[in-house]
Amino acid sequence: MMEALVIKLVLAGIVFFAALNLAGFHTWVERKQSALIQDRIGANRADIFGFRLLGTLHGVADVIKMFTKEDIVPAGANKTLHTLAPFFSVFFALVAFAGIPFGDRLILGDRVIELQIAKIDAALLYIFAMLSLEAYGVILAGFASRNNYAILGGIRATAQLISYEIALGMSVLGVVMVYGTMDLAEVVRAQGRMIGGWLPLWGIVTQPVAFFIFVTAALAETKRLPFDLPEGESEIIGYFVEYSGMKFGMFFLTDFLETIVVASLSTTLFFGGWQIPYLMPDGFHFPWGGVLLVPNPIYVLLGVASFSIKGLIFCFVFMQLRWTLPRFRYDQLMSLGWKGLFPIAVVNVVVTAVALVFFGKAS
Amino acid sequence: MAVRVVRRHELTFWEKIYIPQILCGLKITFTHFFRNLFLHTAHLVGRFKNVPASVTIQYPEELRPLMSRFRSRHRLTLREDHTPRCVGCMLCETVCPAKCITIVPAEHPDPNIEKYPIRFDIDLGVCVYCGYCVEVCPEDAIRMDTGILDVAAYSREAMRLDIHELMDPGLRKPVSRCNLKFPHKCGLNGGEMKGSWDAPRP
Numbered sequence: 005m006m007e008a009l010v011i012k013l014v015l016a017g018i019v020f021f022a023a024l025n026l027a028g029f030h031t032w033v034e035r036k037q038s039a040l041i042q043d044r045i046g047a048n049r050a051d052i053f054g055f056r057l058l059g060t061l062h063g064v065a066d067v068i069k070m071f072t073k074e075d076i077v078p079a080g081a082n083k084t085l086h087t088l089a090p091f092f093s094v095f096f097a098l099v100a101f102a103g104i105p106f107g108d109r110l111i112l113g114d115r116v117i118e119l120q121i122a123k124i125d126a127a128l129l130y131i132f133a134m135l136s137l138e139a140y141g142v143i144l145a146g147f148a149s150r151n152n153y154a155i156l157g158g159i160r161a162t163a164q165l166i167s168y169e170i171a172l173g174m175s176v177l178g179v180v181m182v183y184g185t186m187d188l189a190e191v192v193r194a195q196g197r198m199i200g201g202w203l204p205l206w207g208i209v210t211q212p213v214a215f216f217i218f219v220t221a222a223l224a225e226t227k228r229l230p231f232d233l234p235e236g237e238s239e240i241i242g243y244f245v246e247y248s249g250m251k252f253g254m255f256f257l258t259d260f261l262e263t264i265v266v267a268s269l270s271t272t273l274f275f276g277g278w279q280i281p282y283l284m285p286d287g288f289h290f291p292w293g294g295v296l297l298v299p300n301p302i303y304v305l306l307g308v309a310s311f312s313i314k315g316l317i318f319c320f321v322f323m324q325l326r327w328t329l330p331r332f333r334y335d336q337l338m339s340l341g342w343k344g345l346f347p348i349a350v351v352n353v354v355v356t357a358v359a360l361v362f363f364g365k366a367s
Numbered sequence: 706m707a708v709r710v711v712r713r714h715e716l717t718f719w720e721k722i723y724i725p726q727i728l729c730g731l732k733i734t735f736t737h738f739f740r741n742l743f744l745h746t747a748h749l750v751g752r753f754k755n756v757p758a759s760v761t762i763q764y765p766e767e768l769r770p771l772m773s774r775f776r777s778r779h780r781l782t783l784r785e786d787h788t789p790r791c792v793g794c795m796l797c798e799t800v801c802p803a804k805c806i807t808i809v810p811a812e813h814p815d816p817n818i819e820k821y822p823i824r825f826d827i828d829l830g831v832c833v834y835c836g837y838c839v840e841v842c843p844e845d846a847i848r849m850d851t852g853i854l855d856v857a858a859y860s861r862e863a864m865r866l867d868i869h870e871l872m873d874p875g876l877r878k879p880v881s882r883c884n885l886k887f888p889h890k891c892g893l894n895g896g897e898m899k900g901s902w903d904a905p906r907p
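Protein sequences appear in the order of chains B and P. Residue numbers for the first sequence follow the numbering used here, so the first one is 5 and each next one is one higher. Residue numbers for the second sequence follow the numbering used here, so the first one is 706 and each next one is one higher.
Chain B on its own, in the form it takes in the complex (with noise of 0.2 Å):
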């Protein structure tokens, strides 16, 4: 009972670490490959004993600041639920990690331990919950400050993501129709098979249109541009304009966290997770014949790598699409919602379903 414990809080202690380390070194990607996009050089001053290390220290320098900063809380505001917001939409940008695999099964001894912080059968319905209740720190935030546009912004946010929380719903049915689980570490297990003994069956092949709607819903739910009308930092002032220091911090931290979480997400579903083309759980089997085993640890060290490398990968893509989309207006963002995705998320669903009962369960 206690090692489970053990070994349950340090799992957990690997993935908030990476997930926050991550979340902070996004403020260096985003500075850095903005600038090079728009062929600037980017934050570059920051050093330490005249070690600018390409402008990292400018994130720990931002913590500093945020720390030492004066907190304000607006004079009317409601102090208790001003104070709680940005720990709301932390918590639940953190606690929803606890769902995401990011690793098969680690035999230490005839210890199994599943590379999951939470073995909870339907971690995507988690996911979700958890990714929904984070609006509710948006939306205390903007009615907590007694700021007309922080309302505005809150109410934007809360439009947004309820719109856009359907067709990521429906998208990813989808997905759980072809591999007939809820259970993201299942669903990755399902992704290992091969159609035809070559093409690895990964979300992205069984479901290329879900995968967009997917992509573009979650997308919308980070609150990021092309759909950041919550935030619209200087121009329409979103659900924080009444937070200073760190509370400002947090809520731009829960920002890079649901990136992540999204990343982390699309990896799982449409790419395969922690597999690795022509890797099963006793070494590589090739197409062509060729087999090379490796040992457990090895498998499951290659796995975690394969997943951390496909979600940084798609961090960098979010990032890049950050800095090429420019931002939709209202009404195109709410039409995109209801009248483009939602209907061509209804139909994917019913298309694989027909699917489904024609080719039966994809393998």
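Simulated from the structure, these hints should not be mistaken for lab results. Note that the coordinates shown come from a computational prediction; the quantities given were computed from them, not determined experimentally. Glycine is no exception: its CB is placed at the ideal position from the N, C-alpha and C atoms. Watch out, some of these pointers could steer you wrong.
Claimed, not checked - Pair by pair, the computed Cβ-Cβ distance ranges are:
hint : chain 1 : residue 1 : chain 2 : residue 2 : range
1    : B       : 166       : P       : 732       : 31 to 39 Å
2    : P       : 739       : B       : 362       : 39 to 47 Å
3    : P       : 732       : B       : 286       : 36 to 44 Å
4    : P       : 718       : B       : 152       : 39 to 47 Å
5    : B       : 290       : P       : 726       : 32 to 40 Å
6    : B       : 359       : P       : 726       : 45 to 53 Å
To be verified - Derived SDA-like pairs (lysine to any residue); straight-line CA-CA distance at most 25 Å:
hint : chain 1 : residue 1 : chain 2 : residue 2
7    : B       : 343       : B       : 169
8    : P       : 721       : B       : 324
9    : P       : 732       : B       : 313
10   : P       : 732       : B       : 169
11   : P       : 899       : P       : 754
12   : P       : 754       : B       : 41
Given chain B, work out where chain P should sit, using these hints.
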């Protein structure tokens, strides 16, 4: 006049489904990203230095190239014996539209030289950088070619440049030590006369 009808651009099917257009946009940003990433890396190892990776001018270290006729902070040109070329004719003080130049002339020991300034102040807080003083000078004694743009001070008093700073553009406030040998009203010593023509000059 002919009427030109400009039709609003109708979106084609490919533009309406939007995803190809996103890919086009991504192509542009990715091109810039990888081109600049490659160039930055190449610069680090000393290759392709002539191809700029960014348009940024890193200001305090790197200065924007100035046109040769750009008017920057003033300086007094020097004779070979490190005395000012200025002959104290007062033309610049007279022509100055902002009245920011103050000159006190005195007799020069050399009979071929009319006079010289024992005091030459320019109040940069008042100066409008018109360059008339440079235009009007018959001796080419004042120029605005130092390339100094970052003139800033905490007080109006500190915006006044006296003869020490005008003769040596490298000097910055606070000027610690008077290094002028010829007689002048030295602001560093409370406006007293200091120096003599007999002192050795380089």
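Each hint tested on the structure:
At roughly 33 Å, the beta carbons of residue 166 (chain B) and residue 732 (chain P) sit within the given window of 31 to 39 Å. The beta-carbon spacing between residue 739 (chain P) and residue 362 (chain B), approximately 44 Å, falls within the hinted interval of 39 to 47 Å. Look at residue 732 (chain P) against residue 286 (chain B): about 42 Å separates their beta carbons, and that is inside 36 to 44 Å. About 42 Å separates the C-beta atoms of residue 718 (chain P) and residue 152 (chain B), a value consistent with the hinted range of 39 to 47 Å.
Roughly 39 Å separates the CB atoms of residue 290 (chain B) and residue 726 (chain P), a value that falls within the hinted 32 to 40 Å. Against the hinted window of 45 to 53 Å, the Cβ-Cβ separation of residue 359 (chain B) and residue 726 (chain P) comes to about 29 Å, which falls outside the hint. Simply put, residue 343 (chain B) and residue 169 (chain B) have alpha-carbon atoms about 14 Å apart, close enough for the 25 Å limit, and the pair holds. Restraint check for residue 721 (chain P) and residue 324 (chain B): the C-alpha separation of about 21 Å stays at or below 25 Å, so the hint holds.
Distance hint between residue 732 (chain P) and residue 313 (chain B) is fulfilled; the C-alpha atoms sit about 22 Å from each other, no more than 25 Å. For the hint linking residue 732 (chain P) to residue 169 (chain B), the alpha-carbon distance of about 29 Å lies beyond 25 Å, and the restraint is violated. Taking the CA atoms of residue 899 (chain P) and residue 754 (chain P), the gap is near 52 Å; set against the 25 Å cutoff, the hint is violated. Restraint check for residue 754 (chain P) and residue 41 (chain B): the C-alpha separation of about 19 Å stays at or below 25 Å, so the hint holds.
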